[in-house]
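Protein chains in written order, with the working numbering: chain A, 1425 to 1656; chain B, 1425 to 1656.
It cannot be assumed that every hint is accurate.
Any copy, or any two copies together, can satisfy a pair, since identical chains are not distinguished.
[Said to hold, decoys possible] Below, in silico cross-link-like pairs of lysine to any residue (SDA-like), each with a Cα-Cα straight-line distance of 20 Å or less:
1. K1572 with A1532
2. K1436 with Q1449
3. K1436 with H1495
4. K1572 with D1510
5. K1436 with P1494
6. K1436 with R1447
It should be emphasised that the hints constitute simulated quantities derived from the structure, not laboratory data.
There are 2 protein chains.
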Amino acid sequence: MSDPQGLRIDRKSTSDQAAGALREQILQGQLRPGTPLQEVSLASVFGISRNTMREALRLLVYEGLVQHSPHRGAAVMTLTEGDVADIYGVRRLLELAAVNASRGAPIAEFERMGKLVEEMGPSSLARDWPRAVELDMRFHQYLVEFLKSERMSNLLQTTLAELRLALVLVDGADSDDAAATQVAEHRTIADLLARGRQGECAEVLLRHLNAAEAKLRAVVAVQPDASVVAGI
Amino acid sequence: MSDPQGLRIDRKSTSDQAAGALREQILQGQLRPGTPLQEVSLASVFGISRNTMREALRLLVYEGLVQHSPHRGAAVMTLTEGDVADIYGVRRLLELAAVNASRGAPIAEFERMGKLVEEMGPSSLARDWPRAVELDMRFHQYLVEFLKSERMSNLLQTTLAELRLALVLVDGADSDDAAATQVAEHRTIADLLARGRQGECAEVLLRHLNAAEAKLRAVVAVQPDASVVAGI
DNA sequence: GCTTGACAAATTGTTCAACAATTGACCAAT
DNA sequence: ATTGGTCAATTGTTGAACAATTTGTCAAGC
Chain A
1425 MSDPQGLRID RKSTSDQAAG ALREQILQGQ LRPGTPLQEV SLASVFGISR
1475 NTMREALRLL VYEGLVQHSP HRGAAVMTLT EGDVADIYGV RRLLELAAVN
1525 ASRGAPIAEF ERMGKLVEEM GPSSLARDWP RAVELDMRFH QYLVEFLKSE
1575 RMSNLLQTTL AELRLALVLV DGADSDDAAA TQVAEHRTIA DLLARGRQGE
1625 CAEVLLRHLN AAEAKLRAVV AVQPDASVVA GI
Chain B
1425 MSDPQGLRID RKSTSDQAAG ALREQILQGQ LRPGTPLQEV SLASVFGISR
1475 NTMREALRLL VYEGLVQHSP HRGAAVMTLT EGDVADIYGV RRLLELAAVN
1525 ASRGAPIAEF ERMGKLVEEM GPSSLARDWP RAVELDMRFH QYLVEFLKSE
1575 RMSNLLQTTL AELRLALVLV DGADSDDAAA TQVAEHRTIA DLLARGRQGE
1625 CAEVLLRHLN AAEAKLRAVV AVQPDASVVA GI
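Model the full structure from these sequences, guided by the hints.
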């Protein structure tokens, strides 16, 4: 009914579009972890039917971005410290394997990573934290594509999306510092990869991941307490 | 709060129950790959609403058991040879990592695998192919639990479920032979694991997986042609 | 004080009936 | 053989209704 004109090579169902919009709001941090997501209100916000909204929410539940309890409704997923540990276990497995798989890969693929790293420098200087996160994700996404596995790339995609639920809790204070070291480490990783020194690269990557895990575990370990305090 | 003893483990929504029933039919091979799954007819079969049936189908789509094209409907997923290769890539990554992670695990966990292997012997003699498949899956599921990762166990679960889509295409002829060697290999793997010889175990497991992959790739490489011939 | 139970309100779970949008097939015309 | 146009079938989406369940409130009872 809506959208009278316009070339609609839409190709996406209404529920997918709604899920996409909601996903964006969650990953941008506009909807913080724990925020309840009620079907009727959301449906009216997006101007769609409740049934369609339900489908959209189900999709995000599958992706791990939304929590659902029967008859109690949906809410933005809140990660526990255990979740973060689990997620980094997956990342170590995938990304270290990807480093090994990169031996003898076409040069173009290494160059792609190099160009991405160059893009990251300016953005961190501009203190565009969301963009820094975005480029960070893309870097690791590229890395895992060395595995040439649709399912593994998919897994990393959803896993990184979950991780962003914790990243939005990082306050801007240390983000500048974090972004700077991040870019440096990514550059090191990309260089070692392109030079075929996978062994050293794996070591650097492992430290890179472990450091990030420690920081994020600290973040989610503190945050839940605050909500408990606020609750009662 | 409520009844102490769970008389009603109903606890599952209608759509989940329908999805469970449909999943069972697919994995048992009663609904072969490519079979169209129409919302209205399925809904009437299960005696539920079309909307609820849609939710059930969406769940199976997410699990990779059902294919979906917009406005064209859903159908039982048909694996390509590439899919099988991809799936075995995931299995190698997960299961080989699990072998390494099993070092120093509690004895009880090794014993659990041993008992499972003992169960497998008689069932293969009884030529209960579905049960042999079921126990095979459980074996590898146990193995991956050495990783102590909820997400990785989940991944293997869905990955193995997808694989069963190809297993149902295996005709009973060579299944006896396959089951026998399977049990022997599982026994070897379990023994090597319990004795702490992870290195050798990894080799055996790798050959085990590669052999299975070769067989299944051959199966799915042949099957689709038949449908193409039948289609046109 | 603290539980207990009844009750009301709100939200989700599910059903139903309708209509819009898209696909695929069938058929005619060039 | 290709094009183009109906037509039926199926999916996509809507809106309204009702059932089931959770949650909060409040009074009664120990």
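Structure-based check of each hint:
1. K1572 with A1532: Answer is within; shortest intra-copy Cα gap is 15 Å, inter-copy 37 Å.
2. K1436 with Q1449: within (19 Å within a copy, 30 Å between copies)
3. K1436 with H1495: between (29 Å within a copy, 11 Å between copies)
4. K1572 with D1510: between (23 Å within a copy, 9 Å between copies)
5. K1436 with P1494: between (28 Å within a copy, 9 Å between copies)
6. K1436 with R1447: So K1436 and R1447 pass the 20 Å test inside one copy only (15 Å; across, 26 Å).
The structure fails none of the hints (numbered hints given earlier).
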